[in-house]
Amino acid sequence: MEAHSAEEMQRHVKTYFAVYIALLVLTVATVGVSYLHTTTAMHILAAMVVALVKGSLVAAIFMHLSNEKKIIVYSLVLTVTFFIAIMVIPVLVECEIFRYLDRMVS
Amino acid sequence: MSSHHEEGFIRKYIFSTDHKVIGIQYGLGAMFFLLMGFGLMLMMRWQIAFPGKSIPFIGKLLTQDGILSPELYNQFGAMHGTIMVFLGVVPMAVGAFGNYLLPLQVGAQDMAFPKLNMASFWVFFVGGLVMLYSFLLPGGAAQSGWTSYPPLSNIAPAGQTAWLIGMVFLITSSLLGSVNIIVTAVQLRVPGLSFFRLPFLVWAQLVTSFLLLLAFPPLEAAGVLQLMDRVFGTSFFMPSGLVVSGQALEVSGGGNPLLWQHLFWFLAHPEVYVLILPALGIVAEIVATNTRKPLYGYNTAVYAIIFLGFMSFIVWAHHMFMTGMGTGMSAFFQATTMIISIPSVIVLTVLLLTLWGASIRFTVPMLFALAFLPMFAIGGLTGLPLGLTASDIYLHDTYYVIGHFHYVVAPGTLMALMGGVYHWYPKITGRMFNKTLGKLHFWGTFIGMNGIFAPMFFIGMAGVSRRLYDATIYEMARSVQPLNVIMTYSSWLLAAAQVLFLINIFASLRKPKEAAADNPWEATTLEWAAPTPPLPHQNFPEPLEAYRGPYEYNTTSREFAPQHLQEA
Amino acid sequence: MSAVIPYISKPHPVTGVTNAKFGIWLFLASEVMLFGALFSTYIVLRVGAETWPHGSEYLSVPWAFANTVVLITSSLTMVMSWAALQMNNFAKYKKYMGATVLLSFGFLIIKYIEYSAKFHHGYFPANNTFLAIYFTMTGLHGLHVIGGIIVNGYLLFPGSKMWSTEPERFAGRVECAGLYWHFVDLVWIFLFPVLYLL
Numbered sequence: 002m003e004a005h006s007a008e009e010m011q012r013h014v015k016t017y018f019a020v021y022i023a024l025l026v027l028t029v030a031t032v033g034v035s036y037l038h039t040t041t042a043m044h045i046l047a048a049m050v051v052a053l054v055k056g057s058l059v060a061a062i063f064m065h066l067s068n069e070k071k072i073i074v075y076s077l078v079l080t081v082t083f084f085i086a087i088m089v090i091p092v093l094v095e096c097e098i099f100r101y102l103d104r105m106v107s
Numbered sequence: 020m021s022s023h024h025e026e027g028f029i030r031k032y033i034f035s036t037d038h039k040v041i042g043i044q045y046g047l048g049a050m051f052f053l054l055m056g057f058g059l060m061l062m063m064r065w066q067i068a069f070p071g072k073s074i075p076f077i078g079k080l081l082t083q084d085g086i087l088s089p090e091l092y093n094q095f096g097a098m099h100g101t102i103m104v105f106l107g108v109v110p111m112a113v114g115a116f117g118n119y120l121l122p123l124q125v126g127a128q129d130m131a132f133p134k135l136n137m138a139s140f141w142v143f144f145v146g147g148l149v150m151l152y153s154f155l156l157p158g159g160a161a162q163s164g165w166t167s168y169p170p171l172s173n174i175a176p177a178g179q180t181a182w183l184i185g186m187v188f189l190i191t192s193s194l195l196g197s198v199n200i201i202v203t204a205v206q207l208r209v210p211g212l213s214f215f216r217l218p219f220l221v222w223a224q225l226v227t228s229f230l231l232l233l234a235f236p237p238l239e240a241a242g243v244l245q246l247m248d249r250v251f252g253t254s255f256f257m258p259s260g261l262v263v264s265g266q267a268l269e270v271s272g273g274g275n276p277l278l279w280q281h282l283f284w285f286l287a288h289p290e291v292y293v294l295i296l297p298a299l300g301i302v303a304e305i306v307a308t309n310t311r312k313p314l315y316g317y318n319t320a321v322y323a324i325i326f327l328g329f330m331s332f333i334v335w336a337h338h339m340f341m342t343g344m345g346t347g348m349s350a351f352f353q354a355t356t357m358i359i360s361i362p363s364v365i366v367l368t369v370l371l372l373t374l375w376g377a378s379i380r381f382t383v384p385m386l387f388a389l390a391f392l393p394m395f396a397i398g399g400l401t402g403l404p405l406g407l408t409a410s411d412i413y414l415h416d417t418y419y420v421i422g423h424f425h426y427v428v429a430p431g432t433l434m435a436l437m438g439g440v441y442h443w444y445p446k447i448t449g450r451m452f453n454k455t456l457g458k459l460h461f462w463g464t465f466i467g468m469n470g471i472f473a474p475m476f477f478i479g480m481a482g483v484s485r486r487l488y489d490a491t492i493y494e495m496a497r498s499v500q501p502l503n504v505i506m507t508y509s510s511w512l513l514a515a516a517q518v519l520f521l522i523n524i525f526a527s528l529r530k531p532k533e534a535a536a537d538n539p540w541e542a543t544t545l546e547w548a549a550p551t552p553p554l555p556h557q558n559f560p561e562p563l564e565a566y567r568g569p570y571e572y573n574t575t576s577r578e579f580a581p582q583h584l585q586e587a
Numbered sequence: 136m137s138a139v140i141p142y143i144s145k146p147h148p149v150t151g152v153t154n155a156k157f158g159i160w161l162f163l164a165s166e167v168m169l170f171g172a173l174f175s176t177y178i179v180l181r182v183g184a185e186t187w188p189h190g191s192e193y194l195s196v197p198w199a200f201a202n203t204v205v206l207i208t209s210s211l212t213m214v215m216s217w218a219a220l221q222m223n224n225f226a227k228y229k230k231y232m233g234a235t236v237l238l239s240f241g242f243l244i245i246k247y248i249e250y251s252a253k254f255h256h257g258y259f260p261a262n263n264t265f266l267a268i269y270f271t272m273t274g275l276h277g278l279h280v281i282g283g284i285i286v287n288g289y290l291l292f293p294g295s296k297m298w299s300t301e302p303e304r305f306a307g308r309v310e311c312a313g314l315y316w317h318f319v320d321l322v323w324i325f326l327f328p329v330l331y332l333l
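Top line first, the protein sequences correspond to chains F, R and V. Heads up: the first sequence begins at 2 in this note's numbering, then just goes up one per residue. Heads up: the second sequence begins at 20 in this note's numbering, then just goes up one per residue. Heads up: the third sequence begins at 136 in this note's numbering, then just goes up one per residue.
Calculated from the structure, these hints are not laboratory results. Take the hints with a grain of salt, since some may be wrong.
List time: in silico DSS-like cross-link candidates among lysine-lysine, alpha-carbon distance up to 30 Å [what the hints assert, rightly or not]:
1) R:Lys532 <-> R:Lys454
2) V:Lys145 <-> R:Lys134
3) V:Lys253 <-> F:Lys15
4) F:Lys70 <-> V:Lys145
5) F:Lys15 <-> V:Lys296
6) R:Lys134 <-> V:Lys229
7) V:Lys230 <-> F:Lys15
8) R:Lys134 <-> V:Lys296
9) V:Lys227 <-> F:Lys70
10) V:Lys145 <-> F:Lys71
11) V:Lys145 <-> R:Lys31
12) F:Lys15 <-> V:Lys229
13) F:Lys15 <-> V:Lys227
Next up, chain F with everything else stripped away, as it sits in the complex:
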């Protein structure tokens, strides 16, 4: 933890409140969007984009990731890589087996 000057901290505090307002607005937005009549795919896209923006704000500002040491950033990049790997499981379980079955049936 580095020493922070009072002035610098005041600036940080302003950012924190700004992020807080943004998070509230985005929460209202994501609920609002969910009442619109559109396709499920569009709903999923909108919800995920908003969630990603909100999550990035929390991680970057509240968790100070935007200005973090290399060792932590590298550890997280590694984690995200394997996170993507685990998100491949649904593809393995579902899509391929369906294509396989389709071929068997047709």
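With chain F fixed as given, assemble chains R and V onto it according to the hints.
What follows is chains R and V alone, placed relative to chain F:
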């Protein structure tokens, strides 16, 4: 801050925060479970070789007629795997060797989080107790294999629930331990000990800990999901319309049994490297010390294991070629599986080339290390036909698979761990073991293990499935049945050799302390700079600095330069 | 005797972080994989299901919306409690940390109201895979909230004595607890739309 009064017995030996005491606790615990897993296997081997005959001496304790029942056989099979992997080898390789040696090798006074370290041992202890307790439950312990595939495991008796709870404890313990090891290896290195001056064992533990840290949580999630299935009646792994013994199951359905397999192997493939990497690290230390040569291609080996660790996360589905995931995906995992064999071969080549031109000291640990090299090679090479989809169709779920991974883990990892025990025994205890007994132990183990595992390849290629209670009901198994008898006799030889091992390490404790035990092997890494045994909670009387790489031996002059001495 | 561990309150000169901060980030990395596996499970179940209910058919969006606001607010008060320590204002720290703990209890109370409504309507985990994953994920998240309350409660009352003896180390502890708490918030940010809105 620090209290300078004498610690009581409990603080000193039971709830100690000293990494050395915790390492020994892990070591003794793991040894107990390794022997227990081995004992389960001895009883199973009797049934396989002599189906329907009562087990001599202890059979009557198990069943009325002394014959191992099919239910018990299934329990012993599932618990043999679970105990050996999660309660034996991992606690020994990472818990015992990692805890005891890693802080010493980086020159630290303790692990980065000593209290967390103590907590991780006691969480492991509770997990072990839950696993042991499961044998006493109605219906016995888990019996769906160490992989616990649903839907079978979902409808198994209560032992499976205990298995899942035990696993959650063991996983939590490993997670805490791996955080500790990574932070210690990164933050607590003494001045001058840069990353590329670390002993290879520290690198191996570091990569291992990353694997544990990132691969174990998916299994923890899967364990929670299966607990939900079993306790709250959810259907995460239960497909719709499941019929058991002619009766439709009363579950909502809609789940997917394959999901478990993916989550399980997402851990369990990196787990294979968790089992083998510390062993490679131990062998590298022993080989460098006893060849009196720097490790040939140290940097290459380090990069190789980093790449190995990374790749181990994207090969898991090669355990599931038979689940119909389609040719495209199978081809991808077949390719990654072939790629991951390259770094393993690089490390093995590094170790072999280190032997080149050396006048080798054939000490007891070196015998184990030398045996490890071809044994691990056999284990690795026999894995290739399983990673290729075409040959896997034939070999899948046969004894060939059992032979393959036992060659990696038993004559591979376990022999490396035994070598490690001998190598660091003088540092830990201040005494030298009996060398004749050590050599007898080595030859008994070496012959016994090969006698058990080599015939498995032939039995597997004859088409015998891996989980059969009595294979002789099948015609094709009868022709290879004599091999099973040889294997069972070999397992007794192996058991006899381990008795020598236990006698050796416990009886040698009664010898007087040797003054020369500080560095009996003339090794260079930092743990040998500590007094014997290293000081409690402090390790080194004075803070150290490192001035050079880990293996500065001179082959011709027989001189060596320890890392901590400024003047070589 | 206890070992002297360096870099407990001062950061390591090369890596630039304290042991605890590196450790908590590694722990959070493993948590990412834990929840990653659960989100992956959600997708598998949803894609494999013949019909999948819209969250609002079973769940109450207004309550969940309220809970989101509560949790986001607690994240703000958490980071403000850390900032208060940076500005040497211990009284303000106490206020913000107290608010964080109160808001976390608020979150659990709302969760309790939601759960009892579900049970009252006869919605249980065993009914279908949607409710199964809903109860599992929110339940696991709830356990994380309880863990956060224990840690933050400790830092609010007995643990805060450290401020007078080792202020730097104490601020480090609050920062680590904060990282964990923001992560709990971050998980909820994804859980909310996935379970309630889609």
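Outcome of the hint check:
1. R:Lys532 <-> R:Lys454: Satisfied, since the Cα-Cα distance of roughly 16 Å is no more than 30 Å.
2. V:Lys145 <-> R:Lys134: The given pair, whose Cα atoms are some 19 Å apart, holds under the 30 Å limit.
3. V:Lys253 <-> F:Lys15: violated, 40 Å
4. F:Lys70 <-> V:Lys145: holds, 14 Å
5. F:Lys15 <-> V:Lys296: It holds: about 29 Å lies between the C-alpha atoms, which stays within 30 Å.
6. R:Lys134 <-> V:Lys229: holds, 27 Å
7. V:Lys230 <-> F:Lys15: Status holds; Cα separation ~18 Å.
8. R:Lys134 <-> V:Lys296: holds, 20 Å
9. V:Lys227 <-> F:Lys70: Between Lys227 (chain V) and Lys70 (chain F) the Cα gap is close to 28 Å, so the pair holds against 30 Å.
10. V:Lys145 <-> F:Lys71: Given pair Lys145 (chain V), Lys71 (chain F) holds - Cα atoms ~17 Å apart, limit 30 Å.
11. V:Lys145 <-> R:Lys31: holds, 29 Å
12. F:Lys15 <-> V:Lys229: holds, 20 Å
13. F:Lys15 <-> V:Lys227: Holds, at roughly 16 Å.
The structure shown violates just one earlier hint, number 3.
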